[in-house]
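There are 2 protein chains.
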Amino acid sequence: MLIGKQSWAFPNKPVIAATGVSGGPFEANGNLAEDFDILHDDLWMGEESYEKAHRVLMEEAAQTALEKGNIQKEDVQFFIAGDLINQITPTSLAARTIQLPYFGIFGACSTSMEGLALASFIINYQGAKYILTGASSHNAAAEKQFRYPTEYGGQKPPTAQWTVTGGGAALLRANENEKGVIVTTSATIGKVIDMGLTDPFNMGGAMAPAAVDTIMAHFKDTNRDPSYYDLIVTGDLARIGRETTLELLQKNGLNIERDKFQDCGLMIYKEDQPVQAGASGAGCSAAVLYGHLLNQMKQGVYKKILVVATGALLSPLTFQQGESIPCIAHAVSIEMDE
Amino acid sequence: MLIGKQSWAFPNKPVIAATGVSGGPFEANGNLAEDFDILHDDLWMGEESYEKAHRVLMEEAAQTALEKGNIQKEDVQFFIAGDLINQITPTSLAARTIQLPYFGIFGACSTSMEGLALASFIINYQGAKYILTGASSHNAAAEKQFRYPTEYGGQKPPTAQWTVTGGGAALLRANENEKGVIVTTSATIGKVIDMGLTDPFNMGGAMAPAAVDTIMAHFKDTNRDPSYYDLIVTGDLARIGRETTLELLQKNGLNIERDKFQDCGLMIYKEDQPVQAGASGAGCSAAVLYGHLLNQMKQGVYKKILVVATGALLSPLTFQQGESIPCIAHAVSIEMDE
Chain A
-10 MLIGKQSWAF PNKPVIAATG VSGGPFEANG NLAEDFDILH DDLWMGEESY EKAHRVLMEE
50 AAQTALEKGN IQKEDVQFFI AGDLINQITP TSLAARTIQL PYFGIFGACS TSMEGLALAS
110 FIINYQGAKY ILTGASSHNA AAEKQFRYPT EYGGQKPPTA QWTVTGGGAA LLRANENEKG
170 VIVTTSATIG KVIDMGLTDP FNMGGAMAPA AVDTIMAHFK DTNRDPSYYD LIVTGDLARI
230 GRETTLELLQ KNGLNIERDK FQDCGLMIYK EDQPVQAGAS GAGCSAAVLY GHLLNQMKQG
290 VYKKILVVAT GALLSPLTFQ QGESIPCIAH AVSIEMDE
Chain B
-10 MLIGKQSWAF PNKPVIAATG VSGGPFEANG NLAEDFDILH DDLWMGEESY EKAHRVLMEE
50 AAQTALEKGN IQKEDVQFFI AGDLINQITP TSLAARTIQL PYFGIFGACS TSMEGLALAS
110 FIINYQGAKY ILTGASSHNA AAEKQFRYPT EYGGQKPPTA QWTVTGGGAA LLRANENEKG
170 VIVTTSATIG KVIDMGLTDP FNMGGAMAPA AVDTIMAHFK DTNRDPSYYD LIVTGDLARI
230 GRETTLELLQ KNGLNIERDK FQDCGLMIYK EDQPVQAGAS GAGCSAAVLY GHLLNQMKQG
290 VYKKILVVAT GALLSPLTFQ QGESIPCIAH AVSIEMDE
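Chains as they are written, first to last, in the numbering used here: chain A, -10 to 327; chain B, -10 to 327.
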């Protein structure tokens, strides 16, 4: 149901029945290692290329969600997913393995919430009994494509972010008037916001205005204010983007307590891991939400959260052709239905 | 509403209120020039790169659909679109211009029907009042990325296809119990089908099994048979893919009269244009459907058509890494509601 200008309400409260999260060696040494279902010792994961390893992350996350949900693949109607690699190749190859009717999506690091919003809408209106949705990224595959081959050992400025090697998937299903389940209640779809920033080593700063635009729209469309949520968590703004966002929100008259406003890109790694400003990648918000944050919700730490996945829709081509970075953010509210 | 395993029915019959189609010089010399709203004299379209010209095609198609629908942009909720270029850059840049909440999608040349299926579902359930959806491709931008720079003048085998320079957009809205409007009535979402073909110069052949899988699923899920439609039209199978598909359908026990089974990739150009097996590209089915085919429907030539957009989800990377070509097809049925 459309509410306001760019948001949906999900009155039937689609249930996040199960999730799966897979990660790499850097994530295994991180803050949230215990929240991963599968962790790999190396970036190759037994494959012959980083992109094929990337595919494995998505396959494992999806497979784990099915297993934990105790659902046969045959009962699932659709797979809605994407990633950062050209032609979302790893996701399409995972879709070939998974063999479910497939919607490929691209929203860079906002992909996780683009997928969850669509899946929630479809489930809410009986367009499927079960939907798998997710996103993934692979550090070495992303570096190779967007920056330099890692073997080159290029130095990075402190504003740079570290692409997460991880995949996260959620299995959604219809709500049968249950209690004690985690549900989605609304979503806000973002516009492309581009403030003219051009530095691919400062994505957080570029994405901040998009996060602000979507957060402002969410509260306007839903007639809620920040007090509705126990946590508002962005995808991968990291240190600089988070500060900029808090500042811009305040300028727009929206004050959110610092503690209540967190970022997946600042949660996943330890302080002493050399990730500069924090984490990023399509797998960042997917892995942190579908692992850590939902675990926290099950433990009663949070009852209502708003997840705002931010995406920088740049490509090597936009950079080469002197374009600034178009950014976007999509938000989904997730609640423990009691 | 889910019907069967992988299809939706749209009982509220979303209306295709208006469309816009833009094309390049090769299309201006083609069979369907009169069905284009805008045709460009050269591939640059006043821009400094082919990718920026590609963006222009999508912007023009979207803008034309709004104008012909006599709808202000402010009344439209969402833009659902994609293309073939890395990170769907031209579409995201068009989304920046259009400034509507944006779902980026990637289905290669199946993008047009992926978007129309999603838009129809959302409109059917009041998730929006108006949605713009579309797809585009640019010959020189696609050649540069997937094959060789055109300046190289590489020869192509007769199985190769010619990427359409074109964009097509449709404006969807809710049906207010009207008659004499063009509506969508169902959609079938395809799985990734990969029969192990590896030749990027024979996409039609690679995509044929995906088209067959989706067509078979469509008739099974909807309990219809080919006699329900006046025309079944694939996206860009071209000469070889069309023959293979007809043959495979027959083997599966589905006989479709040759005349009733057409392909957008064989309609858009003249016999004497040097396009080898036919046309392809994300803009092929979008431009042919939203231009020519809907015009034919308005003229009463067809009342019910099934559009099966086929996509080869390959990338330069899959080719380099020795992967075969994963393919997909999505189908939408479009009817004159009398």
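These are calculated hints, taken from the structure and not from any lab test. Any given hint might turn out to be false.
Put simply, identical chains are the same to the list, so a pair is met inside one copy or across any two.
List time: in silico BS3-like cross-link candidates among lysine-lysine, alpha-carbon distance up to 30 Å [unchecked claim]:
(1) Lys57 / Lys259
(2) Lys133 / Lys287
(3) Lys292 / Lys133
(4) Lys62 / Lys209
(5) Lys133 / Lys249
(6) Lys62 / Lys249
(7) Lys62 / Lys(-6)
Status of each hint after checking the structure:
Proximity of Lys57 and Lys259 under a CA criterion of 30 Å is satisfied intra-copy only: 28 Å inside one chain copy versus 55 Å between copies. In this assembly of identical chains, the alpha carbons of Lys133 and Lys287 never lie at most 30 Å apart, being 37 Å within a copy and 50 Å across copies at closest. Taking CA atoms no more than 30 Å apart as the test, Lys292 paired with Lys133 passes in neither setting, with 39 Å inside one copy and 50 Å between copies. With identical chains, the CA atoms of Lys62 and Lys209 are at most 30 Å apart between copies only, with a shortest distance of 19 Å across copies and 39 Å within one.
Taking the closest pair of Cα atoms, Lys133 and Lys249 never come within 30 Å of each other, the shortest separation being 35 Å inside a single copy and 47 Å across copies. For the identical chains of this complex, Lys62 and Lys249 are neighbours neither inside a copy (37 Å) nor across copies (35 Å), given an alpha-carbon limit of 30 Å. Proximity of Lys62 and Lys(-6) under a CA criterion of 30 Å is satisfied inter-copy only: 12 Å between copies versus 36 Å inside one chain copy.
Of the numbered hints stated above, those contradicted by the structure are hints 2, 3, 5 and 6, listed in ascending order.
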